[in-house]
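Student: The residues making up each chain are set out below.
2 protein chains.
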Amino acid sequence: MKTLPAPVEALVESFARLPGIGPKSASRLAFYLLKAPDEVSIELAKALEELKANTGHCSRCFNITLAGEELCDICLSENRSEAILCVVEEPMDVLAIERTGAYQGKYHVLMGVLSPIDGIGPDQIKIFPLLERLKLGEVKEVIIATNPSMEGDATALYLQQRIAPMGIKVSRLARGLPVGADIEYADQNTLQRALSGRQSMD
Amino acid sequence: MKTLPAPVEALVESFARLPGIGPKSASRLAFYLLKAPDEVSIELAKALEELKANTGHCSRCFNITLAGEELCDICLSENRSEAILCVVEEPMDVLAIERTGAYQGKYHVLMGVLSPIDGIGPDQIKIFPLLERLKLGEVKEVIIATNPSMEGDATALYLQQRIAPMGIKVSRLARGLPVGADIEYADQNTLQRALSGRQSMD
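So the sequence lines, in the order shown, correspond to chains A and B.
With the first letter of the first sequence counted as 1, position 64 gets the number 57 in this note's numbering; the numbers rise by one all the way through.
With the first letter of the second sequence counted as 1, position 94 gets the number 87 in this note's numbering; the numbers rise by one all the way through.
Read the hints as simulated data drawn from the structure, not as lab findings.
Be careful, since some hints might not be right.
The list treats identical chains as interchangeable, and a pair is accepted whether it falls inside one copy or across any two copies.
[To be verified] Dumping the calculated DSSO-like pairs for lysine-lysine here, alpha-carbon to alpha-carbon at most 30 Å:
#1 162 <-> 133
#2 133 <-> 39
#3 119 <-> 28
#4 17 <-> 119
#5 119 <-> 133
#6 39 <-> 17
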């Protein structure tokens, strides 16, 4: 027996297509919106429609910008060092690093990660613009902040092999125990990394 | 430093207003949509806009219907008993009970639950239409399927006191251990209910 009217079903399906939202959460959201004031769903709909129309990518670092803007706020900022460049996979990673308040250089967003199985090679992501940018000679250190995953590791290695010969220092985010972790519950790989990357206490 | 362009920020805020979506999931969804094909966000926006415009409530049981339809599919169904009525808090509860396939009567959706602290009395929810419906004399048993919460209990008690004098049998969903539960981890109240409501094995 069909129990959900088509418009509710359509919304449940649209929600369930999003990452981290299963069929149950999707119907919970739909029923919440049915009960909530009209503005809640209308505002969300407006924000969704304006998302793609009103945003673009920085032509230099590929971070998200307002549509029509050539460069993002970070690229335009004169208070940030041009000598240090942090290379990340996605725009969201920029946000995460900015939140720490511990980084004052510029960024380069790869817009993906090398993944030969998925047919993603150096030409499918923003590696060529990165190398072009480095050739200008302003950058003295590149911090590779790809994810500590198999693809992130492969991408980091590839970048290191291309960038080091240019006489630029290449580093990578430290791997080890996350703050607040319990050694007894840490997974084997993390513990191995924490051991091999042990830091001097001098 | 402002790091998110306004259109992304607006979408993150709209998502974060939904139940069960925190600020982190909200930005994950926004960045996912930035990367996903345009159709994904456009379809979701369309579904949201059509949700309220194209749905209404059944004039008899208050379940969700298509806009313009007087009665819902369940009320219209001639294969379902008119003699047994299941009273639930929300339209979503109808869906949950329908999924069991174990119920073949009709429904009445209260559209809320008694909650004096929040100023919700019998007049704020669909109790009066329920009593009017019962006066027609067709219903022989009312199953009260409000949530096993304080408000759900109070609503069930209130309904029982109003309905029993009409000569209609009133029952409530069984309370006890959920299927698959571990007795050693069951909370005290559930175990107490399971004991006092123990079922004969004859």
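Student: Are the hints correct? Go through all of them and say.
Tutor: Hints versus structure:
no., hint, result
1, 162 <-> 133, "within (6 Å within a copy, 82 Å between copies)"
2, 133 <-> 39, "neither (43 Å within a copy, 48 Å between copies)"
3, 119 <-> 28, "between (44 Å within a copy, 14 Å between copies)"
4, 17 <-> 119, "between (37 Å within a copy, 26 Å between copies)"
5, 119 <-> 133, "within (20 Å within a copy, 70 Å between copies)"
6, 39 <-> 17, "both (24 Å within a copy, 21 Å between copies)"
In this structure, only the earlier hint numbered 2 is contradicted, and the remaining ones agree with it.
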